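Residue numbers (our numbering), protein chains in the order written: chain A, 1 to 464; chain B, 1001 to 1277.
To be clear, the hints were calculated from the coordinates, so they are not data collected in a lab. As the structure is a prediction and not an experimental result, all values here were calculated from the model. Among the hints, a few may not be true.
[Stated by the list, open to error] Below, a list of computed lysine-lysine pairs in the DSBU-like style, where the Cα atoms sit at most 30 Å apart:
1. K1029/B <-> K443/A
2. K1247/B <-> K447/A
3. K116/A <-> K1247/B
4. K1162/B <-> K163/A
5. K116/A <-> K1162/B
6. K1030/B <-> K447/A
7. K443/A <-> K1162/B
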Amino acid sequence: MNNTDKNDSFFDRLWKLFTSVKLSVALLLTLAVTSIIGTVIPQNQNPMLYQQKFGEVLYPIFEALSLFDMYNSWWFRLLISLLIVNILVCSIERLSSTWKLIFPEKLNFRADRFRKSPNRTEWIAEQSPEALKGVYGDYIIRHFRHSHIETDDTAGYLIFGEKGRWTRLGVYVVHLSILLLMVGALIGSIFGFEGYMNVPVGASENTILLRNSDQSMKLEFDIRCEDFTVSHYPSGMPKEYRSEIAIVDNGKTVLEKALRVNDPIHYAGISIFQSSYGKVPGDKFTVVFTDNASGMRVEKRAAIGEQIKLPADGGTLIIEDFTDNFSFRGHNIGPTFLSRLVEKSGTPQPLILPLDYPSFDKMRQGDYAISIEKIDYRYYTGLQIARDPGIPMVYAGFIALIIGCYITFFMFHQQICIELRPADGRTTVSVAGISPRNRPGIKTAIKRLARKLGKLTGQENKPV
Amino acid sequence: MITSASLLSVITFIYGLTLILYVIAWIFKKPVFGQLATGSMVAAALGNTAGIGLRWFESLQMGYGHAPLSNLYESLIFFSLTVAVIYLYLEYRYRIRVIGAVAALIPFLAMAYASLPSISSEIQPLIPALQSNWLIAHVMTCFFGYAAFALACGISLLYLAKSSYGDPQKGLMARVPDFSTLDELTHQMVTFGFLFLSVGIITGAVWANQAWGRYWGWDPKETWSLITWLVYATLLHARLMRGWEGKRIAYLSCLGFFAVLFTYFGVNLLPGLHSYQ
Ligand code: HEM
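Next up, chain A with everything else stripped away, as it sits in the complex:
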């Protein structure tokens, strides 16, 4: 690498910054620490809640720092982008030299590098150096990718072996996996979507509400819910949520499947998940008119959209809509029917008929107080609908991450040297190994090799 001097251009210095592992260590730690914020402050909630919780001083500051949606904030994305540039620059910088290391034009073995090795193991064998050279040489040739035997100046032999050069690529696999994950996530966030849809039993739907936005989207096909069931264990805990789903494409039923949690449906690149359920009022319910003067009750069965005649020909009531949560003067009054009352004399007026407050309509002080009872509910199934074209790349990243970590941590580049020196008709055998960055595994590998070699020639060499 060129040495630093003042004349380095700005680009050179920037490049150098991004080749430094100091930067990666700093970035990794910064990401770890800042990620904590989003686990302490619940994300993506109603702004009103935040305002109440943090007050007038902190709220605008937190808001400006995007702390309420921090994992999508510009500064968090910047940190991740810096990491990516860091990995890329570093890999580009080093790959060519690593490559030369892995595929060297000429291997060179030098015995003196092994003599100082702390894992050097020595023992005395009864055989002659020549005999040992034959046996050990064969073994090394079979078990090491590269090997080389030479004669020593003291008429002994040196047997060299080397393997695992390629494992130096493991780190690049790991770093590539991180890039795959990031690119996959990016593809997902640009070309994918995620949303919800509620389908009442017996109905079809094709509009989904997108997550964290108030937009909706239309699918190219309809999703029909034939049936929905919840089953329970004897203890009352839920056992299974099950929706019988049919996909209707161009008027034809193309797929029918029981949808359950952990068992999604995939159709046309879109995945459908069982996510929630609830109840909607069924077709029929009972409207009760209570005479405010006499207290007398008149009941009529009705359905949404129907016109209902008031008792004694007093006009008509039309039930127009139903909502699970109705907000009345800032209070949630729960499930409520919205209706319109057209009295004989007078203009049509909207009426609110909350189920949980049957005497609510008394306030109006009309002739009759109107309330609603005996509703037939039916279930709706809550589906999560998602499309994520980034998934194959993310999964490829997962696999690369596992394989890369395994190679990096549990395999390593090793060079070994067996030295055979004649000693009064017998032979002093010494085995030593080196590995780049003094990988701890080399010690164990040499211990094993020594044991194995000893066995081949009938010595029990307990490493000293």
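Dock chain B with the ligand against chain A, hints included.
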């Protein structure tokens, strides 16, 4: 008929006994104590395995039949077993017994915590979200990782204790392995844990994608597992590239295990999907 709960509470005491034996073996040089300690650890691990098997059998008899890895109690029991197994492998491979004192303390504390009345040991059926084979893969890999990190932290603490001791060659500390061995063991445990934590996060992501349609959602438990992963990634880079070792690595390894503990327990104090209680 002996129940898994009673068997496991006996095992808690065996881990306690193991701890005492390892401490005695550490203090007195007689090899017999060391052999007793190892035997006791093996017995505890076998009993622990039997307890998990029995619990599985009980759940089958109740008509649920799921692997006992589905709540806090069961995860603590499994965690204890993984610590014991990994330690026994280390002891066999490196022939070092002093670490056994730390290694027995971890499952003892975990099992004692599991037997607190506030932690339900009842066998519960699986709610729909947990009915997946990914549950088993996810929990097993995560806890293998956590166990390795716990041991790494224990060894790092030994390192720090030894290095702050007046003369590391005297007294109790003389029998603690030398600094380079402790350092190497910490590193081995961290790399092993890192691989398993990675696989644990990945299996969790695949499972989340199958159950909820997204592989990552920044829910607090997910985020904390990522934080843990980042801390250990920092440690690995500092060591492999910047040549850190010894004390600094020991501190980082303790910091990493703190993140593990928070992922495991602390997150229950925060809002989120992983209601593991
Ligand atoms: C999370 C994002 C990561 C970033 C930003 C990152 C960044 C870097 C950088 C900049 C280097 C030095 C440049 C090089 O030698 O290529 C490096 C080296 C290294 N990284 Fe990473 N890394 C990440 C994840 C990982 C993971 C998960 C592992 C675990 C296996 C890992 C293992 C290594 C190793 C072993 C080296 C040393 C390479 C060598 O021996 O030459 N990295 N990393």
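- Within a Cα-Cα threshold of 30 Å, do K1162/B and K163/A meet the stated pairing? violated, 37 Å
- Message: Holds or violated: K116/A and K1247/B, Cα atoms, limit 30 Å.
- Response: holds, 26 Å
- Item | Hint consistency between K1030/B and K447/A [alpha-carbon to alpha-carbon, up to 30 Å] | holds, 27 Å
- Is it true that the CA of K1247/B sits at most 30 Å from the CA of K447/A? holds, 28 Å
- Given the hint that K443/A pairs with K1162/B, does the C-alpha gap stay at or below 30 Å? holds, 24 Å
- Query: Is it true that the CA of K116/A sits at most 30 Å from the CA of K1162/B?
  - Reply: holds, 28 Å
- Task: For the pair we were handed, K1029/B and K443/A, check the Cα-Cα distance against 30 Å.
- Result: This hinted pair holds, its Cα atoms lying about 27 Å apart.
Consistency note: the structure conflicts with earlier hint 4 alone.
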